[in-house]
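> For the sequence shown, position 115 matches number 117 in the working numbering, and the numbering has no gaps at all.
Incorrect hints may appear among the rest.
[As the list claims (entries may be wrong)] Label pairs and their calculated CB-CB ranges: (1) 260 x 84: 20 to 30 Å; (2) 97 x 17: 25 to 35 Å; (3) 179 x 239: 42 to 52 Å; (4) 257 x 224: 49 to 59 Å; (5) 264 x 229: 47 to 57 Å; (6) 126 x 70: 34 to 44 Å; (7) 121 x 45: 47 to 57 Å.
Please keep in mind that the hints were generated in silico from the structure rather than gathered at the bench.
Yeah, the Cβ is synthetic: ideal placement off N, Cα and C, and Gly gets one too.
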Amino acid sequence: MVHWGNLCFNAKESILKRFLAQFYESPLNLLSLGSAGISLLVGNTDDAISITIAIIIVVTVDFIQEHRSEKSLAALNKLVPHFCHLTRDGQPQTLLANVLVPGDLVTFPVGDRIPADIRITKANNLEIDESTMTGETKPVKKHTAPMITNDRLPSISECANIALMGTLVKAGNGSGIVIGTEVEDRKTPLQLSMNELAKKLSAISFAVIGLICLIGVWQKRRWLEMFTVGVSLAVAAIPEGLPIVVTVNLALGVLRMSKRNAVVKKLHSDETLGSVSVMCSD
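Could you build the full structure based on these sequences and the hints that come with them?
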């Protein structure tokens, strides 16, 4: 496994494996593939083929966009090598940040850029500039005390014992354990709503199949016939065209941004970025 900045991929993994992995990243894709498989089993070959083609188009567009962006970002990273200070086997070393792996002990004096997401274990008057993450220019004081989140996902501003990748040490110094070398993007509102839709549709589909089978048993009909009817109704309720509509619209937005020399790695980043009306930078 190669961990590098906000890029993370398996150097030995083929492009085909990475492409196939895209199919099960979205619950709605899994639901659509499941409906295609069931349609094929019950003899609805046309439905199975059309659903499969739609999902392949969605995954292909997403994969091509991400692969092209990874190549562009990797080229940019090579232009400005990022070094870090770490301790391995009890020996202090200075290495490129792209060799970091979870579990490494990293030290960061004033002026250093944090090379990965780090759980702080030592902090001496440590203040970190997180403006790249939050836009807030005032440095944030960091400490080693554990966070109490009550089983909820903490916001960036609450991560006082975590040094986030890409932020800058403005005062003091510290050290800590690498816990992540890849930026794990939070789900966008659209992704969350689509995942929720997939869960609800799955529950409704199983309920419809079960209800129709029970009605068939009560009416003393053949259960296989009623099961086929239930599956057909359940598959018809799945909006297999929704993923392709969403993906194509996001891809068009990314295409427009690329014409203005903007590199977008994830298609769904275009959704939240599209709601920005004013962007300030220095």
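> A separate judgement is required for each hint: does it hold in the structure or not?
Against the structure, the hints come out as follows:
| no. | hint | verdict |
| --- | --- | --- |
| 1 | 260 x 84: 20 to 30 Å | holds (25 Å) |
| 2 | 97 x 17: 25 to 35 Å | holds (28 Å) |
| 3 | 179 x 239: 42 to 52 Å | holds (48 Å) |
| 4 | 257 x 224: 49 to 59 Å | holds (52 Å) |
| 5 | 264 x 229: 47 to 57 Å | holds (50 Å) |
| 6 | 126 x 70: 34 to 44 Å | holds (43 Å) |
| 7 | 121 x 45: 47 to 57 Å | holds (55 Å) |
In the structure shown, no violation is registered for any of the earlier numbered hints.
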